[in-house]
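There are 2 protein chains.
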Amino acid sequence: MDQIESDKVPKIHVPQRGFSNILFDEEANLLRMGDKTSSRNFMNVAHSRKFMQTMLIASKCQELVDRGKTASIRELYYQLKHTIPGYKENTFDDQSESDPLIVDLETTLEVLREELHLKADDKGTLIGNIIIEDSGDYIDCSKLGRSGLSIPSIVEHYKFHEVDADYCLVIETGAMFDRLVEEKYPQKNNCIMVSTKGQAARGCRRLVNRLNREKKIPIIMFTDGDPWGYYIYSVLKAGSMALAHESERLGTPKSKFVGMTMSDVVKYELESVTEKLKDVDAKRISELLHYPWFQDKQWVHELKLMESKGIRIEQQALASKSLEFVAEEYLPEKIEKKQLLP
Amino acid sequence: MDQIESDKVPKIHVPQRGFSNILFDEEANLLRMGDKTSSRNFMNVAHSRKFMQTMLIASKCQELVDRGKTASIRELYYQLKHTIPGYKENTFDDQSESDPLIVDLETTLEVLREELHLKADDKGTLIGNIIIEDSGDYIDCSKLGRSGLSIPSIVEHYKFHEVDADYCLVIETGAMFDRLVEEKYPQKNNCIMVSTKGQAARGCRRLVNRLNREKKIPIIMFTDGDPWGYYIYSVLKAGSMALAHESERLGTPKSKFVGMTMSDVVKYELESVTEKLKDVDAKRISELLHYPWFQDKQWVHELKLMESKGIRIEQQALASKSLEFVAEEYLPEKIEKKQLLP
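Protein chains in written order, with the numbering used here: chain A, 28 to 369; chain B, 28 to 369.
Honestly, the hints are just simulated from the structure, not real lab data.
Please note: incorrect hints may appear among the correct ones.
Some but not every residue of chain B turned toward chain A, in silico, with C-beta under 8 Å [to be verified]:
#1 E142
#2 K146
#3 T152
#4 D161
#5 G172
#6 R173
#7 I178
#8 R206
#9 A309
With a cut-off of at most 16 Å between alpha-carbon atoms, the simulated EDC-like pairs for lysine to aspartate or glutamate come out as follows [as the list claims (entries may be wrong)]:
#10 A:K211 <-> B:D161
#11 A:K96 <-> B:E351
#12 A:K77 <-> A:D148
#13 B:K170 <-> A:E160
#14 A:K348 <-> A:E296
Heads up, the beta-carbon is just placed ideally off N, CA and C, and yes, glycines get one too.
Work out the full structure: start from the sequences and follow the hints.
As structure tokens, then:
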């Protein structure tokens with residue numbers, strides 16, 4: 028507005044999001060965005076379509092916030108898609124045009140998309156000794172049987188009331204979460220449990236972040252012993268490259284990792300239930316070995332061990348000992364003795 | 028045992044599961060298994076490995092039931108995998124060996140795998156005016172804020188208490204479920220809502236089945252307007268080919284379908300937010316047109332309309348009208364006027 032009123036060409040400065048503008052902040056243990064920006068100029072014919080689109084999105088987000096509504100990024104696209112009157116051109120031809128501009132807005136305004144009232148898909152379940160206030164309802168998450176609370180895509184509105192938990196165990200697979208629910212692990216170990224069901228959704232990562240920052244609950248993650256599980260952990264801990272601008276609010280740098288490790292395979296004699304690495308696994312290991320946030324010597328050791336043994340192991344392989352082994356020995360022992368990776 | 032005690036060769040008769048042994052029961056509107064069986068003979072060298080494996084699984088399931096434990100099918104595999112003493116042979120080399128034998132057992136014994144205490148992955152969320160008793164906890168699903176109950180992989184233990192709902196709306200996408208939660212659709216329309224998040228998991232299908240059979244709650248499904256959405260509906264309604272032996276307990280033949288239909292595209296003038304069919308979509312349509320359970324004339328009409336228009340439409344495309352349109356006009360109007368497909 029200032030630009031328009033002073034007769035200047037409207038222009039926005041958008042932080043660059045390429046790999047070259049992503050830094051690993053070792054002290055905070057978070058991926059962060061650098062300060063390189065690109066400018067988007069209304070009078071530049073190469074920029075004007077994107078400029079118009081960015082303004083449409085910004086204006087719709089403003090409307091969502093004013094009206095107290097939220098929308099999925101797909102709904103936003105459908106809300107904005109129309110043919111410009113008098114032209115044959117569409118505002119947007121495809122969602123792949125609107126999605127990156129949402130990220131542009133987030134980084135430019137330094138807000139989470141949830142604060143623009145936009146939401147991602149939801150995924151994940153929580154169970155344990157915490158009372159969460161959600162839209163006026165007080166939900167006692169220790170009284171949800173074996174089902175648990177479905178973690179929504181937006182958790183900004185959650186208020187945490189009574190919490191009594193020594194830590195929060197974040198679990199990669201739904202099946203392992205089920206196992207631990209069946210073994211009454213949260214009750215016996217006074218912890219909250221969250222299942223991410225694969226890569227953690229934004230709502231799930233934000234919830235873990237808030238539990239740690241606001242309620243000082245230590246976070247311990249439990250994944251498969253393979254490069255994909257380790258990467259899921261690293262995203263929960265340090266943030267992701269695609270969302271480096273939001274690491275502060277989506278990453279939880281104080282998280283620790285309990286397993287599965289390659290050292291576990293040796294210690295608990297699990298060789299017979301490991302699987303051979305596939306080519307894609309091996310490739311992924313060497314990628315992880317190049318990421319600055321995997322340079323801790325314990326992680327390098329685990330990754331190199333995985334590479335040299337040529338094996339991976341799943342959480343559920345612990346069932347080869349006994350169904351109860353993971354809940355009664357493996358986890359309590361490793362957590363009590365602080366045999367955790369950073 | 029009888030066979031062994033009378034000095035006969037142990038033999039099991041397992042129902043065949045090929046397409047040729049799957050029938051569509053028009054009267055019940057369910058896929059069913061025919062009565063062809065294969066026999067598995069302990070003394071036949073081509074059968075003996077599978078015979079041994081089937082017995083191992085049966086025995087482990089017996090143990091699970093006796094101990095009141097459940098296990099995922101992956102845990103079962105890990106529990107049973109070992110090298111046979113004195114030989115170099117493994118009981119199982121891969122989970123692809125144990126999974127089909129679990130289905131063999133289910134069909135032979137005519138039980139659900141959940142009754143063998145085996146479980147599949149969980150997925151899905153429920154919200155609405157129902158109190159569910161789960162492992163001693165009374166969960167009021169109308170008091171779970173905007174989060175909802177996470178539907179577990181096994182719901183056999185659920186007890187339904189007070190239910191006050193005119194119908195249960197089953198929704199394909201998590202984002203549409205979120206939209207309707209935000210619009211307070213369950214409160215305003217006195218219904219329960221379930222999101223399947225894609226193809227419904229077994230727990231979700233069983234829950235819908237039980238709500239309909241035990242509590243007489245009408246089921247209405249709402250999916251994307253594409254062959255994949257229609258197939259998700261048909262599985263919820265009539266069962267799936269892979270699990271034809273369990274249709275009775277996983278399928279809900281009285282389900283109705285509210286949309287999206289191709290007729291909706293015309294009626295609500297949604298052409299500008301449709302998408303072109305891809306080759307895989309077109310191929311899938313012609314497959315559906317061949318399934319006996321899609322021969323109802325309204326379904327044939329919709330599928331042929333999709334084919335001739337060459338378009339598909341997503342649930343979220345309704346946002347092009349307004350964010351509230353789906354909750355305030357589309358669904359209440361179609362449901363009140365019973366504009367539903369069988």
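Quick check on A309 of chain B please, does its C-beta sit within 8 Å of some C-beta on chain A? Because about 20 Å separates A309 of chain B from the closest Cβ in chain A, which is outside the 8 Å limit, the hint is violated.
Verify the proposed pairing of K96 of chain A with E351 of chain B, using a straight-line Cα cut of 16 Å. Holds - the C-alpha atoms of E351 of chain B and K96 of chain A are around 10 Å apart, at most 16 Å.
Answer holds if the nearest beta-carbon of chain A is closer than 8 Å to that of E142 of chain B; otherwise answer violated. It is violated, given that the least Cβ distance between E142 of chain B and chain A is near 16 Å, above 8 Å.
Quick check on the hint: I178 of chain B CB to chain A CB, less than 8 Å? 7 Å, holds
Could you check if T152 of chain B really has its C-beta closer than 8 Å to a C-beta on chain A? 4 Å, holds
K146 of chain B as an interface hint toward chain A, with CB separation required under 8 Å: 7 Å, holds
Compare the distance between the alpha carbons of K211 of chain A and D161 of chain B with 16 Å, and conclude whether the hinted pair is satisfied. Roughly 14 Å separates the two Cα atoms, so the pair holds.
Per-residue hint verdict: G172 of chain B, partner chain A, C-beta under 8 Å: At 2 Å from the nearest chain A Cβ, G172 of chain B passes the 8 Å test, so the hint holds.
Report holds or violated for the interface hint on D161 of chain B, using the least CB-CB distance to chain A and a cut-off of 8 Å. 2 Å, holds
K348 of chain A and E296 of chain A: Cα distance at most 16 Å? Holds, because 9 Å separates the two Cα atoms, which is no more than 16 Å.
Chain A contact restraint on R206 of chain B - CB to CB distance below 8 Å: Holds, because the Cβ-Cβ distance from R206 of chain B to chain A comes to roughly 7 Å (cut-off 8 Å).
Evaluation of the interface hint that places R173 of chain B against chain A, nearest CB under 8 Å: For R173 of chain B, the interface hint holds, since the closest Cβ of chain A sits about 5 Å away, which is under 8 Å.
Hint compliance for this structure: hints 1, 9 and 12 are broken, all remaining hints hold.
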